[in-house]
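Participant: The listed protein sequences correspond, in order, to chains A and B. Note that the first sequence covers residues 106 to 658 in our numbering. Note that the second sequence covers residues 31 to 687 in our numbering.
Please keep in mind that the hints were generated in silico from the structure rather than gathered at the bench. Heads up, a few of these hints could be off.
20 Å max Cα-Cα, derived SDA-like pairs, lysine to any residue [as the list claims (entries may be wrong)]: (1) B/607 to A/416; (2) B/594 to A/180; (3) B/313 to B/363; (4) B/156 to B/275.
Distance windows between CB atoms, simulated [claimed, not checked]: (5) B/610 to A/296: 45 to 55 Å; (6) B/567 to A/413: 43 to 53 Å; (7) A/524 to B/481: 38 to 48 Å; (8) B/668 to A/352: 48 to 58 Å; (9) B/628 to A/598: 44 to 54 Å; (10) B/313 to A/413: 51 to 61 Å; (11) A/542 to B/567: 22 to 32 Å; (12) A/524 to B/644: 46 to 56 Å; (13) A/204 to B/567: 18 to 28 Å; (14) A/373 to B/490: 45 to 55 Å.
Even for Gly, the Cβ is constructed at its ideal location relative to N, Cα and C.
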Amino acid sequence: MAALKVVRSGSRLLNGFQSLLNNPRKVTCGVAATVTKHPRWYCVSHLSVQERIERKRKAALSGGGQQRIEAQHRRGKLTARERVELLLDPDSFVEYDMFVEHRCSDFGMEADHNKYPGDSVVTGQGRINGRLVYVFSQDFTVFGGSLSGAHAQKICKIMDQAMMVGAPVIGLNDSGGARIQEGVESLAGYADIFLRNVMASGVIPQISLIMGPCAGGAVYSPALTDFTFMVKDTSYLFITGPDVVKSVTNEDVTQEELGGAKTHTAVSGVAHKAFENDIDALLNLREFFNFLPLSNKDSAPITECHDPSDRLVPGLDTVVPLETTKAYDMLDIIHGIADEREFFEIMPNYAKNIVVGFARMNGRTVGIVGNQPKVASGCLDINSSVKGARFVRFCDAFNIPIITFVDVPGFLPGTAQEYGGIIRHGAKLLFAFAEATVPKITVITRKAYGGAYDVMSSKHLRGDVNYAWPSAEVAVMGAKGAVQIIFRGKENQAEAEAEYVEKFANPFPAAVRGFVDDIIQPSMTRKRICRDLEVLASKKQANPWKKHANIPL
Amino acid sequence: MSPLRSSPVFRSASGSRGGQSHCLWTQSPLTRAFVSPSLRLVHVKMADEAVCVGPAPTNKSYLNMDAILEAARQTGAQAVHPGYGFLSENKEFARRLAAHGVTFIGPDTHAIQAMGDKIESKLIAKKAKVNTIPGFDGVVKDAEEAVRIAGEIGYPVMIKASAGGGGKGMRIAWNDEETREGFRFSSQEAASSFGDDRLLIEKFIDNPRHIEIQVLADKHGNALWLNERECSIQRRNQKVVEEAPSTFLDPETRCAMGEQAVSLAKAVQYSSAGTVEFLVDSKKNFYFLEMNTRLQVEHPITECITGLDLVQQMIRVAKGYPLQHRQADIPINGWAIESRVYAEDPYKSFGLPSIGRLSQYQEPVNIPAVRVDSGIQEGSDISIYYDPMISKLVTYGSTRAEALQRMEEALDNYVIRGVTHNIPLLREIITHPRFVSGDISTKFLQEVYPEGFKGHQLSDSERWELLATAVALFVAAQLRSQRFLGNLSDELETCSHVCLPGNSLVCRFLQVDLDGKRVDVSSEWNLASALLPVTVNGTQRTVQCLSRSASGEIDLQYLGTSYKLRVLSKLAAALNKHMPEKVPEDTSSILRSPMPGSVVAVSVKAGDTVAEGQEICVIEAMKMQNSMTAAKTAKVKSVHCNAGDTVGEGDLLVELE
């Protein structure tokens, strides 16, 4: 009995409170009775139990049955188990709760043919390139992947364990929504998951891959996780579907327009990236996973690297055009300095005036933030500030050094931006950079004007190493605007402009004050950053104790 | 005049970006003129002093005599080397330099004028007893006159710009209709390229070889011929691969051609280096084509086999020194081949210009007997303003086979990323049995690739080799991605998956089983390097991994051509059949710009009905006018460009219904 107690208290921890409160007697009595009091009966029934185990296991493996699996395939989607198999290293998946069944007894749900071992989700843990990860994969072939109390309980169980051992959770979402037959129990299930998403936030990386529908309250779980990826053409995220939209607002909109991958990666910014199909998405997720530490106690991973850390990048010496008004592609710089030119861009199609994503420097994961002069001159606006801020906070939470490339003419002016609250949204990026305690390296490639200079990981916000390229200009504003203010009404504006350019349109004003640590040749940038990262690997910095900060949301 | 520059300095300068700029000779060391966008090009950096002569469009800079004269004045230059192209054959430029007391390193104005005009040059050649092509010795006034003259000479005829060169403003016509069209295009191109729209017509010699004789003459009446260059491999009348000597000429023909070339040079009191171009038919009859009164792009191959430094010789001659050599001193030592590496898409009419930023660039100079003349480096922009030449790749060997072998190796080891380039075509040409046997003509490309160039066609064994390499690369990358440093437990664990010989990063040797066929692949598997030397079943090769994605897509440049492959695990491959096919855009009703350039004319408007093959608009890029035609008969839905617009590759021009 003592052993049972342990199991019971253990399962309380693992399963969460809800599952035990549902039916506590079944768990305790059933097992105790068979083992201790009727040994002979146990032996006799042993075979039949074995058979039943086999039968259940087989049923669990076939999900909603062959017909529904074929239907799933016809939609161009893989099954929950195929997805898990593809995501994880071969033979590494350890499944939990294969025998869990839903407990609904209304609307004929209690009938045997309505019970599916494992219910509508596959959960467990496994390895990606040898590193531990917890996974749940919703099974659309069982009740359309709808979320029952048991389904939620299974997800909660792996999330709780992931938190305890310190390993990421990946959710593969493919669910029609709540199990309507279960009513409030289903809603409670969602809330249980939400709570765990929030508790796990900043403790372990959480990734959602939307591989089918995800509607209603269900969308908030992905929204709470660190990264949301989608599969093009087969996944949707929305609060309410097109029919409800039509009846409420009289808008005619397709599923794809309302909540398809394109909408969320380019317009709403809800999703961070979209992939061509299930296979493409899962294989990319494996690659993405390699960038992440396992938890907030783990350091940024270092993979084997063949790219020399002292490699010179001659192309960078010519990347910034001579004319200050001419655009260039910040990605040219990022690809130039990164190990093997590899850059996993986050939100590549949203707020394109800022570029964020992961790369490696001498094998070590780094987060890269860069203004993109090619789009809207690289200015900061509402969307780019929010995009940048969320990325910086993820890196800071998970010990990933941040490298910032600055070419920013300022914040975007105008009523659209002011009415939209550029002040409080811009503050998010400022807040994120300021509070970050991971190694922060900043390179000013060209313009760093006005408040935007301060925001972009400046020395003043505890930048560890701040560099300027010879083309850098740190100033309150560009020459034209400045001269109109300083020399208002004076003739010979051109001469004044030339004087201003001579004084401010170069890295010296910042360098003489120590606001940049050095002026470096662009081709040396990779070498310098790699060396700095080695030095900063042991950086220790803490913010004052607080319950939590109050970021301007 | 300053002492002669040592040739290596000049060499690098002269080779830069197709020699599209000018060297100014001053008391102070080497000065170069350049245009503002090229401030950062190699040749400008290597110069001791550099002067900007204007913005990128050539008519405002390299063709702007005032700017160049001013540059010469500022720097106190005593001589100007005009490079090739631009003002190198402009008599007015030479005259004005002379008026300013600056030496023009090249022939004097009289020779430039005489040879620069194709009509006059032909008359002089005839007088000098040089074989000439039958044709009309005068300027053609209009399209109708062109048709009449063409009828007299007999088709096919060649219409070309009187002031032209380099294939610009040149069209071949096989009937009256083509003559009219050719006349129109040629005169437009001639006007925009040379500022002179005079045209002439001559008999077109079918299936000829283009062989030219390098001549060198001094101001004392001495002239030499420095053997020939075989330049028959051309597309759109522009040279692609050249070699010296030619496999076709016997000593007698060579000597006859050389002597005629020299007699022409003497007839115009030529001084400096020059080139006399001939067409040679299958019976070794040769006809004078034209004389180029400048250094040619392909001069390095002559230098390779004769040992003469032509630029040095030009400077000596300009200074007034007599020639150092006699005809008997001029040897043919070994064999040299030049490939013109262009930023062009060879799959579109053997090369339509492409632009972009050279994100990675490595010249194969580690291979012995390889010379690369270029003016660009990693990070350079290939812009729409100039010929899209990236470099001249020259290899030398004691035999032709050796030179070809080195060329093959050099092309395989040439890393160019960021722009589309013609290395696939170059490599195919130099390994084609017809080329290797010397069986070539100016129609080589059209004959060998009548359907257009489609890249290297893999043999069965090459296919296996390519697949095995891709699979091995995939596995090597997979194995490496399991290796995390600084975490002991992870390290121990991953080791069990991987057989690690000694200290090396991943398995060097991989065995690939392709449908029961065993292929051994070994390499250092340096996944960061652009070049991937592999040994496949004992054969050594350098392949290039152009890109590698998480979802198993691998682009390999193998035997010059790039192949898109996809490697999947068995599981992923089995599941791949369920993945939906994505429908690609229907391109027949959409006309996109095949290259970056500017729109010269739009011939249709929305609502018009166009026939298949009808001209829709004309795009000019790199000074070539390209007629864009409808892919089907349809009504024009919308027009997205106007004359004068600048368009990028892939930009939507016109939509059909």
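Participant: Can the restraint linking residue 594 of chain B and residue 180 of chain A be considered satisfied, given a maximum Cα separation of 20 Å?
Facilitator: 27 Å, violated
Participant: Do the alpha carbons of residue 156 of chain B and residue 275 of chain B lie within 20 Å of each other, as the hint requires?
Facilitator: Cα-Cα ~26 Å, so violated.
Participant: Hint says 45 to 55 Å; check whether the CB-CB distance for residue 373 of chain A and residue 490 of chain B agrees.
Facilitator: 51 Å, holds
Participant: Take a look at whether the Cβ-Cβ distance between residue 628 of chain B and residue 598 of chain A falls inside 44 to 54 Å.
Facilitator: 35 Å, violated
Participant: Quick one: are residue 524 of chain A and residue 644 of chain B within 46 to 56 Å, going by C-beta?
Facilitator: Roughly 51 Å apart at Cβ, these two residues keep to the hinted range, so it holds.
Participant: Can you tell me whether the CB distance of residue 313 of chain B to residue 413 of chain A sits inside 51 to 61 Å?
Facilitator: 59 Å, holds
Participant: Between residue 524 of chain A and residue 481 of chain B, is the Cβ distance one that fits in 38 to 48 Å?
Facilitator: Given about 60 Å between the Cβ atoms, the range is violated.
Participant: Could you tell me whether the CB distance from residue 567 of chain B to residue 413 of chain A stays inside 43 to 53 Å?
Facilitator: 31 Å, violated
Participant: Can you tell me whether the CB distance of residue 610 of chain B to residue 296 of chain A sits inside 45 to 55 Å?
Facilitator: At roughly 35 Å between Cβ atoms, residue 296 of chain A and residue 610 of chain B fall outside 45 to 55 Å, so the hint is violated.
Participant: Falls inside 48 to 58 Å, the C-beta gap from residue 668 of chain B to residue 352 of chain A?
Facilitator: 36 Å, violated
Participant: Is the straight-line distance between the alpha-carbon of residue 313 of chain B and that of residue 363 of chain B 20 Å or less?
Facilitator: 26 Å, violated
Participant: Return holds or violated for the Cβ distance of residue 204 of chain A and residue 567 of chain B against the range 18 to 28 Å.
Facilitator: 52 Å, violated
Violation of the numbered hints given earlier is confined to hints 1, 2, 3, 4, 5, 6, 7, 8, 9, 11, 13; the remaining hints are satisfied by the structure.
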